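Heads up: the sequence lines are chains A and B, in that order.
Here the first sequence is numbered in this note's numbering, starting from 1 and rising by one per residue.
Here the second sequence is numbered in this note's numbering, starting from 496 and rising by one per residue.
By construction, these hints were calculated from the structure, which means they are not laboratory data.
Since we're looking at a predicted model, the values are computed, not measured.
Every residue, glycine too, gets a C-beta built ideally from N, C-alpha and C.
Careful, some of the hints might be misleading.
Here are the simulated BS3-like cross-link-like pairs (lysine-lysine), alpha carbons at most 25 Å apart as the crow flies [stated by the list, open to error]:
#1 K732(B) <-> K3(A)
#2 K6(A) <-> K587(B)
#3 K13(A) <-> K542(B)
#4 K732(B) <-> K494(A)
#5 K750(B) <-> K6(A)
#6 K13(A) <-> K742(B)
#7 K542(B) <-> K519(B)
#8 K3(A) <-> K519(B)
Distance ranges between label pairs, derived from CB positions [stated by the list, open to error]:
#9 Q472(A) <-> P503(B): 19 to 25 Å
#10 P82(A) <-> R585(B): 38 to 44 Å
#11 S367(A) <-> D734(B): 53 to 59 Å
#12 A518(B) <-> P486(A): 33 to 39 Å
#13 Y104(A) <-> R585(B): 28 to 34 Å
#14 S367(A) <-> E726(B): 44 to 50 Å
#15 G723(B) <-> Q472(A): 19 to 25 Å
Read off the chains here:
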Amino acid sequence: MEKVPKIVGERLKVAAVAVDHPDSNVLTAFSEHSLPERERSDVLEHLARCGECRDVIALALPTEEPAITVVRPVRGGWLTWPQLRWGLVAAGVIVVGSLGVLHYRVTSRPETVASYDAPRAQDIEKAKNQTEPLPATPAAAANEEKKAPQNGLLDSEVKSKPAPEAREFDRLEQFAKLQPPARDERPDADGSRSRLRPQTLAHGPKPPTQQWQQNAIANANNNAYALQSQTPAPVSAPAVPSEFARKQSSNQVVVSAQAPATAPAPVTAGSAIGGPISSDKRSQDLDTLAVNGRSLTVLQPSGANAGAEVARAKPAEAPPSANAPKSQLTDAYAVSTINGSNFSQTAALAPESARWSINAMGSLQRSLDQGKSWQDVDVIGAAGITSGANMPMAMKSSREKALAKDKAEMKQARVVFRAVSANGSDVWAGGSSGHLYHSTDAGGHWVQVVPTWSGVVLTDDIVSLQFADPLQGRIVTSSSEIWTTPDAGQTWQKH
Amino acid sequence: MSSSKSNPAVQAVASEMVTELHAKAGCERIGVTRESFSVILCEVGTKYGASSEDEARTFFLSLRVDELALARACAAGENAAWEIFLTRYREKLYLSALRIAREDSAARELADTLYADLYGTTTREGQRVSKLASYTGRGSLEGWLRTVLAQEYVNRYRRTKRLVSLDEESEEGVQFRAPDPQPVTPSDSRLARATDEVLAGLPAEYRMVLSAYYLDDRTLAEIARMLGVHESTISRKLDKLAKSLRKQIVAALIKGGMSRRQAEEALEVDVRDLQVDIRRSLAQEPPPSAFSEKRVEARVPEGEG
Chain A
1 MEKVPKIVGE RLKVAAVAVD HPDSNVLTAF SEHSLPERER SDVLEHLARC
51 GECRDVIALA LPTEEPAITV VRPVRGGWLT WPQLRWGLVA AGVIVVGSLG
101 VLHYRVTSRP ETVASYDAPR AQDIEKAKNQ TEPLPATPAA AANEEKKAPQ
151 NGLLDSEVKS KPAPEAREFD RLEQFAKLQP PARDERPDAD GSRSRLRPQT
201 LAHGPKPPTQ QWQQNAIANA NNNAYALQSQ TPAPVSAPAV PSEFARKQSS
251 NQVVVSAQAP ATAPAPVTAG SAIGGPISSD KRSQDLDTLA VNGRSLTVLQ
301 PSGANAGAEV ARAKPAEAPP SANAPKSQLT DAYAVSTING SNFSQTAALA
351 PESARWSINA MGSLQRSLDQ GKSWQDVDVI GAAGITSGAN MPMAMKSSRE
401 KALAKDKAEM KQARVVFRAV SANGSDVWAG GSSGHLYHST DAGGHWVQVV
451 PTWSGVVLTD DIVSLQFADP LQGRIVTSSS EIWTTPDAGQ TWQKH
Chain B
496 MSSSKSNPAV QAVASEMVTE LHAKAGCERI GVTRESFSVI LCEVGTKYGA
546 SSEDEARTFF LSLRVDELAL ARACAAGENA AWEIFLTRYR EKLYLSALRI
596 AREDSAAREL ADTLYADLYG TTTREGQRVS KLASYTGRGS LEGWLRTVLA
646 QEYVNRYRRT KRLVSLDEES EEGVQFRAPD PQPVTPSDSR LARATDEVLA
696 GLPAEYRMVL SAYYLDDRTL AEIARMLGVH ESTISRKLDK LAKSLRKQIV
746 AALIKGGMSR RQAEEALEVD VRDLQVDIRR SLAQEPPPSA FSEKRVEARV
796 PEGEG
């Protein structure tokens, strides 16, 4: 770099006159870039002349921590042979197991669907040929049954033709034809094959038959019980970079609990929080859901995680990583769209078609039944904290310990949510003091996101969240700052 | 900017917004009433001279009201507030002091001194005076604590720098040193004037960057963090300045009556002459480590002797 003439340094020194130092509050606001432009210019003018205040600003800078950002692109250092070797082994196990399960589902699904459809085919035809308008609800169907004799239909025909179900059967056929979302087979940074993301779980509307609802509610209750009975897993803080997260197969850092199966169960009404389910229970659910024609990919116990972490985790190559979450999120969004992008169609049953709200107390709430009932969502509890045991040794600086302790305290402190934005199962919630949380499974698991730009952390209250799609988002703070992200919170820019 | 009298616009907006801000700040659980919070808001708003209602509204929305309430509750001696404050900030305070002082005992002393000031060991008119009462919520409380620590450290260092012990002077052999000769003055005052004129025409940010880089010996990364920009931005700015300053000074000298050759020679000659002066003037504020190094170096010959 070319040097300035020495006379410049001398004249700068001569011109240094230290008068009217800004107070510590103004200097702090200057450091945190929260001064209005006019005041900032005044402070800069002073700093151009006052070496003491420049020293204060420099000394008061926060420690630059690489782990403040939630997600960071993984750089090349992870493609070392030891990691690759074990990663490949783990990936191979996952792939083989997944293929086996997929094969089982593919072979079992057509029979199940066919067997389910076969007895009803004749009824469907008859129902379609009915000239009477089909009632939309079972209650209306019951009324229809009562009216049937008056319309000249035999009682037996009415009873064997559940008219409201005709539409569900049409939809069932439509879903049965759907291909499961493509799995991202690209290796992660450590060489492991992609873990199954919850976005690959084809959550979607299930026929809202009474029997299914009962099964679903029972399963959800069992899941909740299974969740409670599991050892509480201190899920790591999202501040830990994902590369460290992937290093730990049994202690998934970002989102998943320590329980082996971490598939977010489809949450139905009655279960406030979607959470990890045991593998046994999951198999039951899969059986139930297979009957309904949903295609689900099973998460393997080892190395599987709740997808939100993997969706954030980046492989070593930046371009694939840039694509990875998008494709998965796109798939999830596509599934959500196919299944009904407006919530009224997908009522009741699919987590990603949940409705979101914030009550007067600033608590985040979710409704899975079109707003008929609302449940509080414990974002902070579900987001979890970093425990020292789970953090890689390299991160255990004293600052990280303080951060971890602070995050533990945050669990107790109440976050006042002020904004929520949802795209299917991709949900963002933000509130006081810059608290921002993200869920990719409609509130089953949450990750805290700390927007950072050039060392500046967003700490103001978030008053507005706009995510046109799962990737591109915009935050407005109480101090009129605008923060945007083009990649689902991995990088941020402050405007 | 500050005004001792209450600003009517600030008062009106504070009354209008106190309910919302009081709830947002969680004042109830730390014992801050709405009335006292309104007084705090008026004081802070008046201090920073919000002149219109819109300005006051924007100003209040930008405040860290929860931390402001906590700090003022601590200053008032609320135990619940102190518990929260100690839980959140005690360890961070020590870590920040350690980062500033770079040495454990100095860091502890620095942090303990500040803690005493925050708690309020001094009294005025029978009332305990806490430093937390001066926090206004313009920046984060954690950032403010770091700034206060840094100010205390800078004040201490500059104060002790002036008090040089006789032992150190004796070891350095400067106890009976002859007074320094007068610094060499520039051979052409027109050069100094031209340089002053050019520097005055630069934006404050550019001058701040130049001062931080050339006078404080800050790195590009440090300066970038101070200004909240990327390091490459500072590098580009300095490079651009270096290229343009020379041209501008020469142009100013030419405008002052010199020929181009004379102007360039004046710049070159002055560079060579002033190099010694700049080093001497910069050497007036050596880094702390220099003292200990010199002490060690001075002792070794005595041991060997």
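Self-check item: Range hint 19 to 25 Å (beta carbons of Q472(A) and P503(B)) holds or violated
Solution: violated, 44 Å
Quiz prompt | Cβ distance range 44 to 50 Å for S367(A) and E726(B), holds or violated | solution = holds, 48 Å
Quiz prompt | Hint consistency between K6(A) and K587(B) [alpha-carbon to alpha-carbon, up to 25 Å] | solution = The given pair, whose Cα atoms are some 41 Å apart, is violated under the 25 Å limit.
Quiz item: CA of K13(A) to CA of K542(B), is that 25 Å or under?
Solution: The given pair, whose Cα atoms are some 32 Å apart, is violated under the 25 Å limit.
Self-check item: Range agreement (Cβ of P486(A) with Cβ of A518(B), hint 33 to 39 Å)
Solution: holds, 35 Å
Quiz item: Does the Cβ pair P82(A), R585(B) satisfy 38 to 44 Å?
Solution: Once the Cβ atoms are compared, 41 Å apart, the range 38 to 44 Å for R585(B) and P82(A) holds.
Quiz item: At the C-beta level, are S367(A) and D734(B) separated by a distance inside 53 to 59 Å?
Solution: 57 Å Cβ-Cβ, so the 53 to 59 Å window holds.
Self-check item: Agreement of K542(B) and K519(B) with the hint, judged by alpha carbon distance not exceeding 25 Å
Solution: holds, 22 Å
Exercise. Take a look at whether the Cβ-Cβ distance between Y104(A) and R585(B) falls inside 28 to 34 Å.
Key: violated, 56 Å
Quiz item: Quick one, are K13(A) and K742(B) close enough, alpha carbons at most 25 Å?
Solution: holds, 21 Å
Quiz prompt | Hint consistency between K750(B) and K6(A) [alpha-carbon to alpha-carbon, up to 25 Å] | solution = holds, 21 Å
Quiz prompt | Satisfaction of hint between K494(A) and K732(B), Cα-Cα up to 25 Å | solution = Answer holds: K732(B) to K494(A) is near 21 Å, not above 25 Å.
Hints 2, 3, 8, 9 and 13 from the earlier list are contradicted by this structure; the remaining hints agree with it.
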